[in-house]
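Engineer: Chains as they are written, first to last, in my numbering: chain A, 1 to 406; chain B, 1 to 342.
Source of the hints: derived by calculation from the structure; they are not laboratory data. Check before you lean on any hint, since a few could be wrong.
Unchecked claim - Covered stretches of chain B (chain A as the covering partner; in silico rule of three or more C-beta atoms under 8 Å from a C-beta of chain A):
| id | stretch |
| --- | --- |
| 1 | 31 to 37 |
| 2 | 54 to 66 |
| 3 | 83 to 97 |
| 4 | 193 to 199 |
| 5 | 279 to 289 |
| 6 | 307 to 321 |
What the hints assert, rightly or not - In silico lysine-lysine, DSSO-like type, Cα no more than 30 Å apart, as pairs:
| id | chain 1 | residue 1 | chain 2 | residue 2 |
| --- | --- | --- | --- | --- |
| 7 | B | Lys-45 | A | Lys-401 |
| 8 | A | Lys-121 | B | Lys-42 |
| 9 | B | Lys-202 | A | Lys-221 |
| 10 | A | Lys-382 | B | Lys-116 |
| 11 | A | Lys-199 | B | Lys-45 |
| 12 | A | Lys-390 | B | Lys-116 |
| 13 | B | Lys-45 | A | Lys-105 |
| 14 | A | Lys-401 | B | Lys-74 |
| 15 | B | Lys-45 | A | Lys-211 |
| 16 | B | Lys-74 | A | Lys-390 |
| 17 | B | Lys-94 | A | Lys-401 |
| 18 | B | Lys-74 | A | Lys-300 |
| 19 | B | Lys-45 | A | Lys-104 |
| 20 | B | Lys-93 | A | Lys-401 |
| 21 | A | Lys-199 | B | Lys-42 |
| 22 | A | Lys-390 | B | Lys-202 |
| 23 | A | Lys-300 | B | Lys-70 |
| 24 | A | Lys-121 | B | Lys-70 |
| 25 | A | Lys-199 | B | Lys-65 |
| 26 | A | Lys-121 | B | Lys-65 |
Owing to the predicted nature of the structure, the values given are computational and were not obtained by experimental measurement. Idealized CB from N, CA, C, for every residue including glycine.
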Amino acid sequence: MRKILVSLLFLLFGTSAYADCNIKSGSINILANDFPALRTFVETSKQCKGSADFKVTHSSEHNKIAVPALTANPSEFSARIAANSSIVPLMNQDLIRPLDDLVKKYGKGIQDSQLITIDGKVMAVAFMANTQHLYYREDVLKDLGIAVPKTYEEVVAASEKIRASGKMQYPYAAAYKAGWNLAEEFVNMYIGHGGEFFKSGSAEPNVNNAKGVATLNMLKKLSELSNPDYLTHDSEAIKVEWESGNVALMTLWASRSGTLLDDEGDPNITKATKLTGPATVGGGNIPAATLWWDGFTLAKNRSDADAEATFRALAHAASNKKMVADAADQAVWLVEGFVPGPKSIGVIEAVKMGAKPYPMLPQMGLMHGALGSEIVEFLQGKESAEQALKDVEAAYTSKAKEQGFL
Amino acid sequence: MPNKTFFWFFLPTGLAMVLFIGLPIISTGVQSFYAQHDQVVKEVKKCDPFGCTVSIVVDNEETTKIREAKPLGKFNGFGTYVDRNHLATEEIKKFWNETETFGEFVDQVTNLPFYKALIFTLTYCIFVTPNVLLLGFIIALSLNAISRKIRGPLIFGTILPMIVTPLVGSLVLFWMIDSQGIIGANIQNLMNDPYLSLKSSKTLTWITIIIYGIWHHSPFAFVVFYAALQTVPQEPIEAAIIDGASRFQRIKHIVLPHIYPVVTFVALISLMDNFRVFEPIIGFSAEGSAQSLSWLIYDNLVNEEVILFGSAAATSMMTIIGIAILLAPVLVRTWKEFKTAR
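Taking the hints into account, I'd like the entire structure generated from these sequences.
Structural biologist: Written out as structure tokens, the structure is:
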């Protein structure tokens with residue numbers, strides 16, 4: 001009896017000592033994108049909320065909410081899970097606070113490599129890495145005797161072969177939805193060609209060149225091998241296409257591999273789905289992909305008590321060995337104790353191949369926006385590549401002028 | 001109603017209108033003349049899990065100082081109105097001088113975002129408004145002629161498109177026209193073209209959105225016309241029947257003149273609604289092929305993480321002016337009729 005009581009007590013205190021970070025007050029409200037790894041991360045931080053209020057908003061529209069919500073004083077959210085692109089507008093508007101003191105006080109388990117420092121100040125704590133890389137159907141490629149493609153030229157050749165074999169009509173898929181997604185594909189491909197978005201040391205656009213044209217032509221070739229509705233397909237839509245067995249080659253986020261390879265859907269397709277690194281393009285040696293980190297930032301316009309509570313809860317997750325062990329399949333965690341599994345191969349290959357991080361420049365968002373809307377007509381065959389790139393530069397320039405960058 | 005009574009009767013509404021419609025419009029107007037201050041940037045070292053680089057960031061201390069001195073931003077006059085993303089006066093001048101044929105010039109101009117959006121918006125208005133009026137009128141006439149017993153459920157069924165939330169309505173149609181959806185796949189079979197996609201072709205996307213617009217707005221016209229039909233006096237119609245007038249003649253010479261003011265009203269409201277077309281573009285994910293003025297405003301406010309208040313405000317003001325221009329003929333006519341009636 002006594003033994004049971006002791007072990008019960010131990011269990012009780014044991015778990016609470018593990019889960020509760022002894023947060024006494026404050027309120028925590030988190031804004032995050034919506035994919036499995038982030039849900040796991042936020043859930044883990046919730047375990048340690050103590051007596052603090054805990055709210056979370058997972059939304060794929062997070063980019064649209066973030067700036068207005070954090071501009072309010074007090075801000076709606078105490079923390080925003082951001083990535084290298086989405087931290088920029090927060091920095092531009094001065095909406096997030098430096099975390100140095102909090103890291104010193106409560107950030108014991110956080111590794112130095114997780115800290116995002118800008119001008120010597122810690123502005124975010126990263127916990128996972130992400131990139132877009134190739135997925136392929138082993139069975140289809142094997143049947144037709146196609147080697148796993150290493151370049152986008154090989155992807156095109158392989159897709160054409162699959163189409164010619166009559167196995168699949170639209171063998172390739174990537175998130176080409178007009179707007180942010182399409183622009184992201186351009187960014188990847190342009191970087192793969194070795195392009196620079198701005199003239200060095202200025203905010204003058206620099207995409208209307210031979211590399212830009214080559215990028216557009218490659219995107220067009222790939223789009224012709226995709227489902228004709230490609231301009232409306234985001235990551236979720238192409239995932240569904242893949243799971244329906246309509247696609248044999250796909251460029252998709254590493255963070256989506258978890259749900260792509262889960263038990264739902266046709267087990268034969270899941271079994272034949274294999275991951276490989278991102279492809280290169282145009283004879284370049286760096287992959288046509290960008291590296292991303294996801295990390296948390298804290299709102300400036302929120303009380304110090306809330307910031308402290310939020311930091312402690314999130315730091316608990318950002319240094320949680322149990323979480324990275326349990327959810328090793330969901331992401332490439334940057335947290336100590338993570339052992340990369342087969343699903344992390346895309347990101348690890350990308351890093352090995354020397355992929356570049358997404359450019360963290362104050363004016364990059366405007367360029368991304370201009371790309372997303374102006375290259376559509378080229379893909380639809382209504383306009384030449386040069387004209388499309390000229391439009392991108394012109395649209396960017398007038399927006400950048402309005403924003404005071406030029 | 002004596003003027004004094006009318007004044008007191010109208011005062012609360014008038015106040016609310018000034019407060020919630022007038023003042024925001026004025027504020028938007030003021031905003032449209034301002035742009036952001038010149039960004040002060042500095043070079044700093046940035047480190048992330050992938051390594052360190054020297055790069056630029058916005059210098060927040062300096063920016064805050066400038067912002068506090070001039071919170072509205074940098075005065076830009078009509079700068080935003082005439083830049084490339086709006087009226088693009090300079091670009092148009094350049095195109096005019098550079099292009100050789102008129103067709104080429106039109107091509108260049110319609111490639112500019114504002115004109116692209118304006119053309120779609122106008123096309124939408126031109127096709128949807130008359131069709132809504134016509135379809136609404138025909139449905140109202142038919143239902144008015146049907147036995148009263150089944151009229152109730154039929155009316156309910158007819159106004160369903162209006163009850164369904166626009167986004168949901170457009171999403172349902174969006175899934176149906178998917179290349180694997182019921183309509184999309186059948187059209188592919190019918191045309192024997194596996195690459196045909198309603199969503200990727202610009203023309204087909206426009207047609208889809210216009211058909212959706214007619215489907216969604218007709219019930220409104222129908223409800224108003226149906227109510228108006230109930231007020232048509234029976235005596236002249238009976239007299240006309242005795243005189244041997246056909247159904248078409250009766251409608252043309254008795255019913256239409258009687259409900260004419262209502263037709264004007266519905267036309268006004270539909271024009272205003274259609275000029276602000278927005279939801280179907282989002283619902284159909286049609287941003288690539290069809291952009292409207294309202295969509296441009298939305299895009300400036302949310303799409304790029306960087307909010308372009310000046311741009312959005314300028315487009316808003318031009319949308320208001322556009323609606324005013326469109327409505328002018330109808331308003332002038334109503335005003336004239338009002339004067340002769342007195």
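Engineer: Run every hint past the structure and note whether it holds.
Structural biologist: Checked hints:
1. 31 to 37: Since three or more residues must qualify, the claim that chain A covers the stretch 31 to 37 of chain B holds, with 3 doing so at under 8 Å.
2. 54 to 66: Coverage by chain A holds for the stretch 54 to 66 of chain B (7 residues, Cβ < 8 Å).
3. 83 to 97: Coverage by chain A holds here, the residue count being 4 at a Cβ distance below 8 Å.
4. 193 to 199: Result for this restraint: holds, n = 5.
5. 279 to 289: holds (count 6)
6. 307 to 321: holds (count 4)
7. B:Lys-45 with A:Lys-401: 26 Å, holds
8. A:Lys-121 with B:Lys-42: 15 Å, holds
9. B:Lys-202 with A:Lys-221: 19 Å, holds
10. A:Lys-382 with B:Lys-116: At roughly 13 Å apart (the allowed maximum being 30 Å), B:Lys-116 and A:Lys-382 satisfy the hint.
11. A:Lys-199 with B:Lys-45: OK: A:Lys-199 and B:Lys-45 at ~19 Å, within 30 Å.
12. A:Lys-390 with B:Lys-116: 16 Å, holds
13. B:Lys-45 with A:Lys-105: 24 Å, holds
14. A:Lys-401 with B:Lys-74: The hint holds at about 11 Å.
15. B:Lys-45 with A:Lys-211: 28 Å, holds
16. B:Lys-74 with A:Lys-390: Status holds; Cα separation ~27 Å.
17. B:Lys-94 with A:Lys-401: 20 Å, holds
18. B:Lys-74 with A:Lys-300: 25 Å, holds
19. B:Lys-45 with A:Lys-104: Given pair B:Lys-45, A:Lys-104 holds - Cα atoms ~21 Å apart, limit 30 Å.
20. B:Lys-93 with A:Lys-401: Since the Cα atoms of B:Lys-93 and A:Lys-401 sit roughly 20 Å apart, the hinted pair holds (cutoff 30 Å).
21. A:Lys-199 with B:Lys-42: The hint holds at about 16 Å.
22. A:Lys-390 with B:Lys-202: 21 Å, holds
23. A:Lys-300 with B:Lys-70: Status holds; Cα separation ~22 Å.
24. A:Lys-121 with B:Lys-70: Holds, at about 28 Å.
25. A:Lys-199 with B:Lys-65: 29 Å, holds
26. A:Lys-121 with B:Lys-65: Status holds; Cα separation ~21 Å.
In this structure, every one of the numbered hints holds.
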